[in-house]
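A.B. asks: Sequences listed follow chains A and B, in order.
Under the numbering used here, the residues of the first sequence are numbered 54 to 452, in order.
Under the numbering used here, the residues of the second sequence are numbered 896 to 1274, in order.
Wrong hints could be hidden among the right ones.
Each computed SDA-like pair below joins lysine to any residue, with the alpha-carbon atoms no more than 20 Å apart [unchecked claim]:
1) A/Lys-391 <-> B/His-1177
2) B/Lys-1167 <-> A/Pro-450
3) A/Lys-286 <-> A/Asp-246
4) B/Lys-938 <-> B/Ala-1100
5) A/Lys-286 <-> A/Ile-215
6) A/Lys-444 <-> B/Gln-1198
7) A/Lys-370 <-> B/Leu-900
8) A/Lys-179 <-> A/Pro-120
9) A/Lys-444 <-> B/Leu-1168
10) B/Lys-1045 <-> B/Asn-1013
11) B/Lys-1160 <-> A/Asp-246
12) A/Lys-426 <-> B/Glu-1181
13) A/Lys-370 <-> B/Ser-1084
14) A/Lys-370 <-> B/Lys-1045
15) A/Lys-174 <-> A/His-288
16) A/Lys-83 <-> A/Pro-104
17) A/Lys-258 <-> A/Tyr-225
18) A/Lys-179 <-> A/Arg-124
Per the computed footprint, the stretches of chain A lying under chain B, defined by three or more beta-carbons under 8 Å from a beta-carbon of chain B, are [claimed, not checked]:
19) 291–305
20) 331–342
21) 348–361
Have a look at the derived ranges for each label pair, beta carbon to beta carbon [claimed, not checked]:
22) B/Met-1236 <-> A/Thr-64: 51 to 61 Å
23) A/Gly-346 <-> B/Lys-1160: 31 to 41 Å
24) B/Met-1236 <-> A/Pro-123: 17 to 27 Å
Keep in mind that the hints were calculated from the coordinates and are not lab data.
Computed from a prediction, not measured in an experiment: that's the story for all the values here.
Virtual Cβ for every residue (Gly too), placed ideally from N, Cα, C.
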Amino acid sequence: MSETESAELETFRSETRAWLEANCPPEMRKPATSDGDVFWGGRNAKFSSEPQRIWFERMRDKGWTVPDWPREYGGGGLSAAEHKVLRAEMARMGARPPLSSFGIWMLGPALLKYGNDAQKKEHLPKIAAGEIRWCQGYSEPNAGSDLASLQTRAESDGDDFIINGQKIWTSYANYADWIFCLVRTDPTAKKHDGISFILFDMTSKGVSTKPILLISGYSPFCETFFDNVRVPKSHVVGTINRGWDVAKYLLQHERAMISGMGERGVGRPLGQIAADSVGTDALGRLDDAMLRGKIANFDVDEAALAACAERAVDLAKAGQAHPAFSSAMKYYGTELNKRRYEILMSAGGVDALEWESERSKQGARPRAWLRTKANSIEGGTSEVMLGIVAKRILDLPGA
Amino acid sequence: MALVLTEEQSMLRDSARGLISDKAPVSHLRHLRDSKDPTGFSKELWHAFAEMGFAGLLVPEEFGGSGLGYVEAGVVMEEIGRTLMPSPFLATSVVAASALSRGGNAAQKSEYLPKVSNGSLLATLAIDEGAKHRPLQTSLQAVRAGNGFKLSGAKALVVDGHVADLLIVAARTAGSPGEREGLTLFLVSPRAKGVAIERTIMVDAHNAARIEFANVEVNADSVLGEVDQGGALLDGVLDIGRGAVAAEMVGLSDEVFNRTVEYLKSRKQFGKLIGEFQALQHRAAELYVDIEITRAATMKALQALDADVAKAALGVAVAKARAGTTATRAVQEGVQMHGGMGMTDQFDIGFFMKRARVCEELFGDANYHTEQLARAREY
Chain A
54 MSETESAELE TFRSETRAWL EANCPPEMRK PATSDGDVFW GGRNAKFSSE
104 PQRIWFERMR DKGWTVPDWP REYGGGGLSA AEHKVLRAEM ARMGARPPLS
154 SFGIWMLGPA LLKYGNDAQK KEHLPKIAAG EIRWCQGYSE PNAGSDLASL
204 QTRAESDGDD FIINGQKIWT SYANYADWIF CLVRTDPTAK KHDGISFILF
254 DMTSKGVSTK PILLISGYSP FCETFFDNVR VPKSHVVGTI NRGWDVAKYL
304 LQHERAMISG MGERGVGRPL GQIAADSVGT DALGRLDDAM LRGKIANFDV
354 DEAALAACAE RAVDLAKAGQ AHPAFSSAMK YYGTELNKRR YEILMSAGGV
404 DALEWESERS KQGARPRAWL RTKANSIEGG TSEVMLGIVA KRILDLPGA
Chain B
896 MALVLTEEQS MLRDSARGLI SDKAPVSHLR HLRDSKDPTG FSKELWHAFA
946 EMGFAGLLVP EEFGGSGLGY VEAGVVMEEI GRTLMPSPFL ATSVVAASAL
996 SRGGNAAQKS EYLPKVSNGS LLATLAIDEG AKHRPLQTSL QAVRAGNGFK
1046 LSGAKALVVD GHVADLLIVA ARTAGSPGER EGLTLFLVSP RAKGVAIERT
1096 IMVDAHNAAR IEFANVEVNA DSVLGEVDQG GALLDGVLDI GRGAVAAEMV
1146 GLSDEVFNRT VEYLKSRKQF GKLIGEFQAL QHRAAELYVD IEITRAATMK
1196 ALQALDADVA KAALGVAVAK ARAGTTATRA VQEGVQMHGG MGMTDQFDIG
1246 FFMKRARVCE ELFGDANYHT EQLARAREY
């Protein structure tokens, strides 16, 4: 980086810091602790508080719900270096993301790469502005880890497709406005070659959803049914029957997103949280040497993973990243997040067992603990990730 | 600072790799071991190293060095880790050179640093006294006597202690073992009266010595830094050494791993390549992730050292802790996946297991550094 560039970046940093200090309400500078703390946007979106609304609107107006997207699509037009600065400054003050959205994390990057002009102009600005909430129609009852064996079929009818079938584990399908969906458009082709990637409105005739109650007591996932849903062929992203390319590209973003879910970077160290319930000895150390050791090991691994996540971004920028590296990160990040919650449960003792009480915020900790168990399943299981690393990165033989 | 090597650093890596893999493959270490070489490394190779500017890599240009940084030192250490080349690079060019550059006065720097740069002077840090790395437990006494000090005590595992021309000795001028105050670093000639050096042949066939000091007289000019205030200087120098050893462990882990993956692709059992077995594929993939994470943590630590040694301690602790755990796993998996062949002396893989064990102990093992992190985070 030249001196001019680095000076410009430092100017950007001080301006960004000043703007965030002036515009991020104090209530939005704490880690999210419940679902209500997260704003997902959409046609029926409601803000849980005034500060949440203010924070979202100010960030949206600046294009910073999607800071690195082009300005013409509602983004902030930031360079990769500027985006890194913005993220660092937000982390420094503990600022929450103003908008959480599968549109931002997953569909947006895929549309930017594979969408045509009309699709980009139609959908990207609405994602950036949080107007349309998206869900993902990938998994099916018999096509989870073996995603490419999906059976939902789209049959040609003039300018339209008629879609029939069932999806499962469709996150927040019951709140979503639109779906990005994998469908089989050529049942005679080889398994990866007959799939298309298509977008449609969840209010279309023939679409229905049913929430699935999980061990956490929540229903973030749904079963989703398609009964003769009519969708124009112009809604296919990329080439018909070549949807697997789009799907794979999008999965990389999904995996990167899931691997980052455990990263907090703000809030108190795990060891200090544990001290609340475990207590400390005369030297101020956790009064449970084994637990203290586990936490310290966890902290080392978490810090190392954070360095690796940072390096992954730098490698991508330098054009040296392996396309399957997100699988490695997804594997480690999700396993680590499960470890975090095992430690939190162990540290909390009986207090962490409360399922329903004001004091426990309706069992926030045990519910979050149970939720993490899905991390190493959703978006590709840990075993699938290891298989991808073994075959695509290490080039080991076999199927 | 991006966590990828710059073009210049990649070129440095390539030239180090070229020289080391050509002149000092693992067979080089094997030969030195089997011939019970009294030096334990090749002086000829060390001079070639010096001619290429590696010996003085961290030495400022005004003293004849290359004036490069800790990331560059790590680049060379990683290559050393790949072939396990025994060399004075760690003790002399990284640790001692840093101690002299950071703590030395003008006279000390101009006397020693040019000789470090041209490869003519070997130096080392004598720190630990017990079985485990505990720098604050230093009890070797330095009492004032006349114009100088008298040193009494003993040091264990002094890397290259049997060939060093200069010993940098951590001693206690005040306070009690366990305290940070009262530590002082001294420059001591191994030929001074009262110094007794015993070379210890270590498990990995690298070089170290036990050294006893019996009323060794040194004058006031041999103090490195300030009397009683050596703690901070020592912290910085040790962190630099830890970052370098972490890089060596990344290199050896990566090399063991590459050899193991190649073996998985060529060895047949039950009528199949063993790399086809999912049980082994998943273990190999896990190890790959471990190594990548450790590599990133180590680069981050070395960059932090380059930015400010005094602020790098946490990053270094993370890197050394991770490197120890990962290297241990890498060599264990390497031996296990090579089956019975991995247990033979004829096969190189055991050399990596032995070196990993030594690197783990050098400057604090994974437990030591994990504890440092816990203390820093106050729990």
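A.B. asks: Are the hints correct? Go through all of them and say.
C.D. replies: Against the structure, the hints come out as follows:
| no. | hint | verdict |
| --- | --- | --- |
| 1 | A/Lys-391 <-> B/His-1177 | holds, 19 Å |
| 2 | B/Lys-1167 <-> A/Pro-450 | holds, 10 Å |
| 3 | A/Lys-286 <-> A/Asp-246 | holds, 18 Å |
| 4 | B/Lys-938 <-> B/Ala-1100 | holds, 16 Å |
| 5 | A/Lys-286 <-> A/Ile-215 | holds, 10 Å |
| 6 | A/Lys-444 <-> B/Gln-1198 | violated, 32 Å |
| 7 | A/Lys-370 <-> B/Leu-900 | holds, 13 Å |
| 8 | A/Lys-179 <-> A/Pro-120 | holds, 15 Å |
| 9 | A/Lys-444 <-> B/Leu-1168 | holds, 14 Å |
| 10 | B/Lys-1045 <-> B/Asn-1013 | violated, 31 Å |
| 11 | B/Lys-1160 <-> A/Asp-246 | violated, 29 Å |
| 12 | A/Lys-426 <-> B/Glu-1181 | holds, 19 Å |
| 13 | A/Lys-370 <-> B/Ser-1084 | violated, 50 Å |
| 14 | A/Lys-370 <-> B/Lys-1045 | violated, 57 Å |
| 15 | A/Lys-174 <-> A/His-288 | holds, 13 Å |
| 16 | A/Lys-83 <-> A/Pro-104 | holds, 12 Å |
| 17 | A/Lys-258 <-> A/Tyr-225 | holds, 19 Å |
| 18 | A/Lys-179 <-> A/Arg-124 | holds, 13 Å |
| 19 | 291–305 | violated (count 0) |
| 20 | 331–342 | holds (count 4) |
| 21 | 348–361 | holds (count 11) |
| 22 | B/Met-1236 <-> A/Thr-64: 51 to 61 Å | holds, 60 Å |
| 23 | A/Gly-346 <-> B/Lys-1160: 31 to 41 Å | holds, 38 Å |
| 24 | B/Met-1236 <-> A/Pro-123: 17 to 27 Å | violated, 56 Å |
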